[in-house]
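There are 2 protein chains.
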Amino acid sequence: MFIEIITVGNEILAGQTIDTNSAYISSELRKIGIAVHYHTVVGDRPERLLSVLKKALFRTDIIIATGGLGPTVDDVTLETVSRLTDKKTIQQAKLLKNKVGTAPGLIISWQKKTLIVLPGVPKEMASMMPEVTKYLKKKQKNKTIIKTRIIKITGLAERIVSRRLKGILKIKGNPLIGIYPHTNYVDLKINAKAGSKEKAGQLIKQAEKKITQRLGIFIFAKDEQTLEGKVGELLRLQKRTISLAESCTGGLTANRLTNIPGSSKYFKMGVITYSNESKASILKISGPLIKKNGAVSPEVARLMAKGIRTLAQSDLGLALTGIAGPGGATRTKPVGLVFIALATDEGTICRKFNFKGDRTAIKLKASEAGLDMVRRYLTKPCEHS
Amino acid sequence: MFIEIITVGNEILAGQTIDTNSAYISSELRKIGIAVHYHTVVGDRPERLLSVLKKALFRTDIIIATGGLGPTVDDVTLETVSRLTDKKTIQQAKLLKNKVGTAPGLIISWQKKTLIVLPGVPKEMASMMPEVTKYLKKKQKNKTIIKTRIIKITGLAERIVSRRLKGILKIKGNPLIGIYPHTNYVDLKINAKAGSKEKAGQLIKQAEKKITQRLGIFIFAKDEQTLEGKVGELLRLQKRTISLAESCTGGLTANRLTNIPGSSKYFKMGVITYSNESKASILKISGPLIKKNGAVSPEVARLMAKGIRTLAQSDLGLALTGIAGPGGATRTKPVGLVFIALATDEGTICRKFNFKGDRTAIKLKASEAGLDMVRRYLTKPCEHS
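Chains as they are written, first to last, in the numbering used here: chain A, 263 to 647; chain R, 263 to 647.
Incorrect hints may have been included.
One copy or two, it doesn't matter: identical chains are merged, so the pair holds either way.
Straight-line alpha carbon distances no greater than 25 Å define the calculated DSS-like cross-link-like pairs of lysine-lysine that follow [to be verified]: (1) K316 to K375; (2) K401 to K350; (3) K385 to K642; (4) K374 to K317; (5) K618 to K527; (6) K375 to K317; (7) K414 to K385; (8) K554 to K527; (9) K527 to K553; (10) K595 to K527; (11) K618 to K385; (12) K451 to K434; (13) K642 to K472; (14) K618 to K361.
These are computed hints drawn from the structure, not numbers from a lab.
Work out the full structure: start from the sequences and follow the hints.
Structure (structure tokens):
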């Protein structure tokens with residue numbers, strides 16, 4: 263089964279909108295073992311669209327077109343498809359209901375080929391995909407299952423993860439294991455193909471076992487789970503509470519934690535003590551002590567963590583202080599220097615980091631490291647006491 | 263000049279990575295008045311790439327290919343291009359230095375066509391684009407300039423903005439004026455084409471004037487500027503300081519403000535008083551008062567704003583309290599209900615909102631409304647006293 267996705271829209275061709283539809287459709291089809299062979303983007307021009315459609319009909323069996331459909335936009339896609347086929351074929355098409363918007367989708371059978379026409383609005387397109395995959399699954403002869411698992415790593419640079427996984431990462435064969443770096447963490451994607459769900463699941467499991475042996479505690483979550491989600495889950499299960507004192511991260515860590523539904527159960531309080539006076543007034547850290555060590559110091563980080571833990575009467579207190587840049591660096595304290603302290607009933611630990619990147623990257627990496635200290639503490643508390 | 267962008271990569275075809283390169287290249291070319299006619303995505307398969315290249319050479323004059331280039335990945339693009347042309351042509355190609363990575367780019371002239379081969383890593387590709395646009399500009403016969411201006415609106419739904427701009431929005435003609443909704447604001451994009459920069463600038467100015475007449479104070483920023491950037495600029499220019507007391511937004515508002523370099527000049531302190539006890543302990547709001555009115559009430563919002571302003575000794579105090587959901591709603595207080603208060607030396611104002619969407623959308627919309635109250639206060643203080 264050869265498939266081409268065609269995206270119709272001037273705004274995408276002009277680079278004003280990024281085409282996320284093609285990726286979405288591809289990954290939905292992948293889940294049922296269908297690979298896509300081409301993506302094509304073309305503007306709202308009937309002649310060019312017609313030639314693209316003809317080319318696609320020549321080289322593939324199934325065309326999925328999105329965009330250029332609907333009441334407000336020029337209805338170029340449907341018009342061009344009817345020119346290519348004929349009115350009767352269009353009238354016999356299977357309608358796909360639009361539960362989110364107005365323009366319906368169509369599944370058109372024509373000369374042993376299938377033409378699926380979907381709206382361009384991502385939500386509307388996505389709402390029709392279950393019916394599309396169901397339809398294509400029926401047409402599938404060779405029922406291959408593709409299963410995917412994502413394993414998320416933090417605290418190790420991409421090249422270290424690569425080195426640790428020497429002989430395991432595979433860009434060919436089955437399962438495929440790929441590495442995808444983000445600013446604050448690294449994704450490993452395992453893709454397994456098999457004739458049955460069970461077989462694909464086994465392949466995933468075997469690969470996962472090898473990866474876990476090499477990376478252990480650096481793995482923080484799987485698939486859709488986030489680091490803040492994992493930390494939240496651990497806090498909830500262990501019935502512990504947390505509070506935050508942030509300086510350089512400016513509320514990002516609290517924002518991430520509170521993105522998780524139900525976080526009010528374990529997140530008690532956050533303070534963003536950006537100025538030295540606020541460190542004094544809320545956290546009771548003396549001015550002379552800040553002056554002596556500097557606001558970015560392990561001493562101040564520790565006092566911030568202890569201070570917020572006491573103020574909030576929470577089980578854990580996490581504090582972050584550092585230089586997010588671009589200004590604020592001194593001869594001994596460069597941009598990216600961050601101290602993170604975690605206060606618990608077993609004492610207070612503090613770690614020093616040197617992050618690279620611009621202001622938002624440093625904020626993100628610092629919040630990641632802070633949340634990861636909490637995760638590690640809650641995962642293996644004895645190692646950190 | 264007909265142009266096609268070809269993206270080479272299995273990960274993009276499979277939907278595991280979203281193709282941002284094509285959009286970036288298109289918009290860079292647009293700036294010098296060059297329109298792109300097709301985007302094509304193809305996997306790391308030599309035969310398919312060859313047929314895509316042939317088709318592109320047939321229908322366009324200039325091909326820009328990204329991906330499939332470099333030492334670690336299969337060097338499929340260059341290999342296929344040499345099969346299509348010949349070794350000598352490749353050797354005579356113009357090299358594009360890679361300042362960020364290893365694989366260089368190439369500009370190949372062959373049979374009156376131009377083939378530009380760039381790496382797939384977005385940063386590496388982007389680092390070569392200035393040289394690419396310089397090269398293409400020289401080839402350009404019809405030197406049309408395209409200028410773009412983005413006007414950002416908040417506090418009005420997309421359909422209201424559309425209605426207010428009746429007769430102004432234009433999807434055909436010159437300048438084009440389009441509307442692009444985001445979760446928390448609306449973009450208006452003006453695209454003007456002309457023979458000179460001055461003429462294009464004039465067209466933009468005229469359109470901008472009309473839009474400003476219809477939307478006035480709802481316009482918060484232009485082009486790259488963000489709402490938090492605008493608020494920061496106003497605070498800096500007026501030498502005023504701000505502090506935040508957040509409940510439902512959980513640190514998002516502070517995070518946005520502190521994303522702006524130099525924000526420590528005006529942002530003094532933030533507190534995230536998620537629990538009722540924290541509202542009492544930090545902001546000195548009495549337990550019985552919270553119990554009587556509820557934590558999500560105009561009374562508590564006002565006291566939070568006044569409390570943080572006093573504690574931080576800042577000129578402004580902004581407070582947000584609401585129900586981000588999915589839990590926490592009551593019969594009288596639905597998910598999305600948010601009260602936002604701004605305390606100043608002229609008194610305290612409070613507004614009630616009912617936001618729609620999921621947890622993160624409600625957080626984002628609430629922080630947007632809060633920052634916008636600050637912007638409006640600093641823009642026209644007399645209206646709010």
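Tested hints:
Taking identical chains as interchangeable, the C-alpha atoms of K316 and K375 lie at most 25 Å apart whether they share a chain (12 Å) or sit on different chains (24 Å). In this assembly of identical chains, K401 and K350 lie within 25 Å of each other by CA distance solely inside one copy; the values are 23 Å within and 47 Å between copies. In this homomeric assembly, K385 and K642 never come within 25 Å of each other (Cα to Cα): the closest approach is 42 Å inside a single copy and 38 Å across copies. For the homomeric pair K374 and K317, the shortest alpha-carbon distances inside one copy (15 Å) and between copies (24 Å) are both at most 25 Å.
Taking the shortest Cα distances, K618 and K527 sit within 25 Å of each other only across copies (23 Å), while inside one copy they are farther apart (34 Å). For the homomeric pair K375 and K317, the shortest alpha-carbon distances inside one copy (13 Å) and between copies (21 Å) are both at most 25 Å. With identical chains, the CA atoms of K414 and K385 are at most 25 Å apart between copies only, with a shortest distance of 23 Å across copies and 27 Å within one. Taking the closest pair of Cα atoms, K554 and K527 come within 25 Å of each other only across two copies (22 Å); inside a single copy the shortest separation is 38 Å, beyond that limit.
Within a single copy, K527 and K553 get their C-alpha atoms only as close as 37 Å, which misses the 25 Å cut-off; across copies the closest is 18 Å, which meets it. Within a single copy, K595 and K527 get their C-alpha atoms only as close as 37 Å, which misses the 25 Å cut-off; across copies the closest is 19 Å, which meets it. When the C-alpha separation of K618 and K385 is checked against a cutoff of 25 Å, the pair qualifies only between copies, where the shortest distance is 16 Å, while the shortest distance within a copy is 36 Å. Taking CA atoms no more than 25 Å apart as the test, K451 paired with K434 passes inside one copy only; the shortest distance there is 13 Å, against 44 Å between copies.
Proximity of K642 and K472 under a CA criterion of 25 Å is satisfied intra-copy only: 21 Å inside one chain copy versus 62 Å between copies. Taking the shortest Cα distances, K618 and K361 sit within 25 Å of each other only across copies (18 Å), while inside one copy they are farther apart (46 Å).
The structure fails to meet hint 3 from the earlier list, while all remaining hints are met.
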